[in-house]
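Line by line, the protein sequences are chains U and L.
Numbered as in the working numbering, the first sequence ends at 386 without a single skipped number.
Numbered as in the working numbering, the second sequence ends at 389 without a single skipped number.
The hints are simulated quantities; they were obtained by calculation from the structure and are not laboratory data.
Heads up, a few of these hints could be off.
Reference listing, derived: stretches of chain U covered by chain L, where coverage requires no fewer than 3 residues with Cβ under 8 Å from a Cβ of chain L [said to hold, decoys possible]: (1) 206-217; (2) 223-235; (3) 252-259; (4) 315-326.
Straight-line C-alpha distance at most 30 Å; calculated BS3-like pairs for lysine-lysine [stated by the list, open to error]: (5) Lys164(L) with Lys243(L); (6) Lys195(L) with Lys182(U); (7) Lys293(L) with Lys163(U); (8) Lys164(L) with Lys8(L); (9) Lys206(U) with Lys189(L); (10) Lys103(L) with Lys385(L); (11) Lys254(U) with Lys243(U); (12) Lys192(L) with Lys164(L); (13) Lys199(L) with Lys206(U); (14) Lys163(U) with Lys277(U); (15) Lys164(U) with Lys163(L); (16) Lys195(U) with Lys243(U); (17) Lys195(U) with Lys195(L); (18) Lys189(U) with Lys199(L); (19) Lys262(U) with Lys192(L); (20) Lys164(L) with Lys163(U); (21) Lys182(U) with Lys189(L); (22) Lys163(U) with Lys277(L); (23) Lys135(L) with Lys243(U); (24) Lys8(L) with Lys277(U); (25) Lys189(U) with Lys192(L); (26) Lys103(L) with Lys254(U); (27) Lys192(L) with Lys243(L); (28) Lys164(L) with Lys139(L); (29) Lys182(U) with Lys14(L); (30) Lys297(L) with Lys321(L); (31) Lys182(L) with Lys164(U); (32) Lys262(U) with Lys135(L); (33) Lys28(L) with Lys254(U); (34) Lys277(L) with Lys254(L); (35) Lys189(U) with Lys164(L); (36) Lys14(L) with Lys28(L); (37) Lys215(L) with Lys189(U); (38) Lys297(L) with Lys215(L).
This structure is a prediction, so every number in the text was calculated from the model and none was measured.
Glycine residues also receive a C-beta, built at the ideal position from the N, C-alpha and C atoms.
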Amino acid sequence: MILAIKDGRVITMAGPVLERATVLIEDGKIRSVGPGTGIPEGAQVIDAAGKVVMPGIMDAHTHIGVHEDGLGWEGADGNECTDPATPQVRALDGINPEDMAFEDVRAAGITACTSAPGSGNVLGGEGVVIKTFGKTVDQMFVRVWGMKAAFGENPKRIYREQKKMPTTRMGTAAILRENLVKAQNYLIKLEAGEKDPDKLPERDLKMEALVRVLRREHPLRAHAHRADDIVTAIRIAEEFGIKVSIEHCTEGHKIAGYLAEKGVPCVVGPSMTGREKVELQNLTFETAGILARAGVKIALMTDHPVIPLQYLPICAGLAIRSGLDEEDALKAITINAAEIMGVADRMGSIEPGKDADVIVLSGSPFELMTTVQYTLINGRVVYEVK
Amino acid sequence: MLAITNAKVLTITKGTVENGTVLVEAGKIVALGGPGLAIPAGSEVIDAGGRMLTPGIIDAHAHVSIWEEGLGWEGDDVNELTDPLTPHVRAIDAINPDELGLKDAVKGGITAIWSAPGSGNIIGGQGVAMKTYGKIMDKMILNTLGLKAALGENPKRVYGFQKKAPSTRMGSAAILREAFVKAQNYMRKIEKGQKDPEKAPERDIRLEPIVSVLKGEQYLRMHAHRADDIMTAIRVSEEFAFKVSIEHCTEGHKIADELAKRNIPVVIGPTLGARSKIELRDKTFKTPAICVKAGVKISLMTDHPVIPVHYLPLCAGFAVKEGLAEDEAFRAITINPAELLGIAGRLGSIEPGKDADLVLWNGHPMEVKGNVEMTMVDGQVVYRKGCCA
Chain U
1 MILAIKDGRV
11 ITMAGPVLER
21 ATVLIEDGKI
31 RSVGPGTGIP
41 EGAQVIDAAG
51 KVVMPGIMDA
61 HTHIGVHEDG
71 LGWEGADGNE
81 CTDPATPQVR
91 ALDGINPEDM
101 AFEDVRAAGI
111 TACTSAPGSG
121 NVLGGEGVVI
131 KTFGKTVDQM
141 FVRVWGMKAA
151 FGENPKRIYR
161 EQKKMPTTRM
171 GTAAILRENL
181 VKAQNYLIKL
191 EAGEKDPDKL
201 PERDLKMEAL
211 VRVLRREHPL
221 RAHAHRADDI
231 VTAIRIAEEF
241 GIKVSIEHCT
251 EGHKIAGYLA
261 EKGVPCVVGP
271 SMTGREKVEL
281 QNLTFETAGI
291 LARAGVKIAL
301 MTDHPVIPLQ
311 YLPICAGLAI
321 RSGLDEEDAL
331 KAITINAAEI
341 MGVADRMGSI
351 EPGKDADVIV
361 LSGSPFELMT
371 TVQYTLINGR
381 VVYEVK
Chain L
1 MLAITNAKVL
11 TITKGTVENG
21 TVLVEAGKIV
31 ALGGPGLAIP
41 AGSEVIDAGG
51 RMLTPGIIDA
61 HAHVSIWEEG
71 LGWEGDDVNE
81 LTDPLTPHVR
91 AIDAINPDEL
101 GLKDAVKGGI
111 TAIWSAPGSG
121 NIIGGQGVAM
131 KTYGKIMDKM
141 ILNTLGLKAA
151 LGENPKRVYG
161 FQKKAPSTRM
171 GSAAILREAF
181 VKAQNYMRKI
191 EKGQKDPEKA
201 PERDIRLEPI
211 VSVLKGEQYL
221 RMHAHRADDI
231 MTAIRVSEEF
241 AFKVSIEHCT
251 EGHKIADELA
261 KRNIPVVIGP
271 TLGARSKIEL
281 RDKTFKTPAI
291 CVKAGVKISL
301 MTDHPVIPVH
311 YLPLCAGFAV
321 KEGLAEDEAF
331 RAITINPAEL
341 LGIAGRLGSI
351 EPGKDADLVL
361 WNGHPMEVKG
371 NVEMTMVDGQ
381 VVYRKGCCA
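Please model the complete structure; the sequences and the hints are all you need to start from.
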């Protein structure tokens, strides 16, 4: 079965915008894209004349399905705040595909996102990249990606109330370091066990999760608002030679040059909120533009449900209004997000061979009045405007 | 090249140069001389107008920016009071360069500090010697030496209330000793592991800082007010043969000879405050003079935010009023703390080759009306009051 989206203005994110171009989709993948593409006989056709066609929008940092909409504690599975180091927990096990938010999200053209544990713990657990359509979470699952870590006020607020470590920023850093050192010790034993099975240590889920970080299989995704907390995250990542991304990055504009020099990707947001904590005092929509101009790779986040995920393109629009280049805004919600989420080989642009996660819009994604006409995930129409 | 001319230069280590000139290039002091010193053509010139030029003032013991001003718990990162032994926590991870106290420090001519964990724990964590001006902590660090420890009322108050050890001075000393014994055991395993890797122990980041003290790489910086607590600190340091400095040293005047004969450096203060605890009953501004007369090398502290950091020169002034020689008072806020902190190769005096961290004063630094006209860090003017062209 071939599907053709014809005659649209195609923003591929992999080259110039193509006018009156056609995207051919087969077996869930993009087969071809171009103005001269012929439509095979028998293909199903979506007429996109006068419309914008672009890759499905992606949010690199959410808690969708983990912090469920319209529920109380029953649907709150985002923070296992009983121990400041829970690297062994997995967002995958907390996501409900029937969370009512997914329907809103598909209607807004958002086709994939990271969903991750929250920021109550120093080590919060493993995040997951999912598509926003599926009956079971295993159908939505793309890959496990990112070990959530948190700096600043949240962990020390939570454990201060419980009279446990960490009650200070120093304590937070020490817990992270100590766990990474333990994982290094465990890794040494694992490597010894590869040569001599008698030396193999017992399985340890916490340590296994951290060993994946030490082996650079995926990054530490470090929740950090204040500039000093961001710098602490980078300091510790460098000490252990691990990959890191900065999540929220609220004061990133103060140290944009440093972030660029370190080559650390940043996921900025949620900016469309109040400054309800001390560490948010310097929250501004200008951050994204300042970082992008300094040469930092940025994505944008809603931090759903902090901002409902369907408003990600509007957040991008507000960032444009505060100085972000429009091209950088497009990247931030497509290809950059895909790269930061470790799925750029499959998503983030309209290119032959990639997943057919494609949306058709009435106009610019950044305009309030624009409506989504079609959302396709894996070549399947999962939303169609009525 | 930058030239500061027509200054009364207090070098600290080489006397005072009247009508002096200091040449600065690439962040360093490159020359010092009288009015005859040639100023290279094209130099930027700052005419000091006869004002006093000192090296940047150094506070040897403060909690600037770990204990942030104008905030509640959100900015309070000074004491990790969940375990009396937290040698593995590090001040560097809690310092916010964009903090009010650091800005006051720069305006007050304080260009370097030792900022450290508090005194709630027996071993509180690793302090940091740092410059007060900068945006990125990692670029402000001079070194990360000085392991904070505490005796006396604070730890036994904190943990006594939690119904945990220590609830007595005996308990505090026992916890300290036990930590050092564990570190000795660990050190022995490390040494064995160097000969036979099979015997190497697992890395333990709680013991590593104590091993570093045992090896003499850094001081144990021991909070102790009462004379008996000071003597306990000395006793334990001699048992394990490590370097100790006495922090606060409130009753140091009672045992100045004991400190002098062992060459133990002390950091006195915060004297410009109330006697808010029993162990502060004998607090007096006479302590610095008595210690110096006995031959003790002293530094002074504000313990910021206990006393705001920019009042350090005034604290020195009060010590002078109570008998401390003025040149000793200057040393106690410049070269002596630099030596204790292990940064005297770069800071603490005006000498060619050292960092161009300089302060130009309108009036005398130790007088209430003495004002900072200009603060320079790494050759860069980072604060200027306005009058000096």
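Hint-by-hint comparison with the structure:
no., hint, result
1, 206-217, "violated (count 0)"
2, 223-235, "holds (count 6)"
3, 252-259, "holds (count 3)"
4, 315-326, "violated (count 0)"
5, Lys164(L) with Lys243(L), "holds (28 Å)"
6, Lys195(L) with Lys182(U), "holds (23 Å)"
7, Lys293(L) with Lys163(U), "violated (46 Å)"
8, Lys164(L) with Lys8(L), "violated (56 Å)"
9, Lys206(U) with Lys189(L), "holds (27 Å)"
10, Lys103(L) with Lys385(L), "holds (14 Å)"
11, Lys254(U) with Lys243(U), "holds (22 Å)"
12, Lys192(L) with Lys164(L), "violated (35 Å)"
13, Lys199(L) with Lys206(U), "holds (25 Å)"
14, Lys163(U) with Lys277(U), "holds (21 Å)"
15, Lys164(U) with Lys163(L), "holds (15 Å)"
16, Lys195(U) with Lys243(U), "holds (27 Å)"
17, Lys195(U) with Lys195(L), "holds (22 Å)"
18, Lys189(U) with Lys199(L), "holds (13 Å)"
19, Lys262(U) with Lys192(L), "violated (38 Å)"
20, Lys164(L) with Lys163(U), "holds (13 Å)"
21, Lys182(U) with Lys189(L), "holds (18 Å)"
22, Lys163(U) with Lys277(L), "holds (25 Å)"
23, Lys135(L) with Lys243(U), "holds (23 Å)"
24, Lys8(L) with Lys277(U), "violated (48 Å)"
25, Lys189(U) with Lys192(L), "holds (19 Å)"
26, Lys103(L) with Lys254(U), "holds (16 Å)"
27, Lys192(L) with Lys243(L), "holds (24 Å)"
28, Lys164(L) with Lys139(L), "violated (39 Å)"
29, Lys182(U) with Lys14(L), "violated (51 Å)"
30, Lys297(L) with Lys321(L), "holds (19 Å)"
31, Lys182(L) with Lys164(U), "holds (24 Å)"
32, Lys262(U) with Lys135(L), "holds (15 Å)"
33, Lys28(L) with Lys254(U), "holds (27 Å)"
34, Lys277(L) with Lys254(L), "holds (18 Å)"
35, Lys189(U) with Lys164(L), "violated (35 Å)"
36, Lys14(L) with Lys28(L), "holds (17 Å)"
37, Lys215(L) with Lys189(U), "holds (28 Å)"
38, Lys297(L) with Lys215(L), "holds (23 Å)"
In summary, the structure is inconsistent with hints 1, 4, 7, 8, 12, 19, 24, 28, 29, 35 from the numbered list given earlier, while agreeing with the others.
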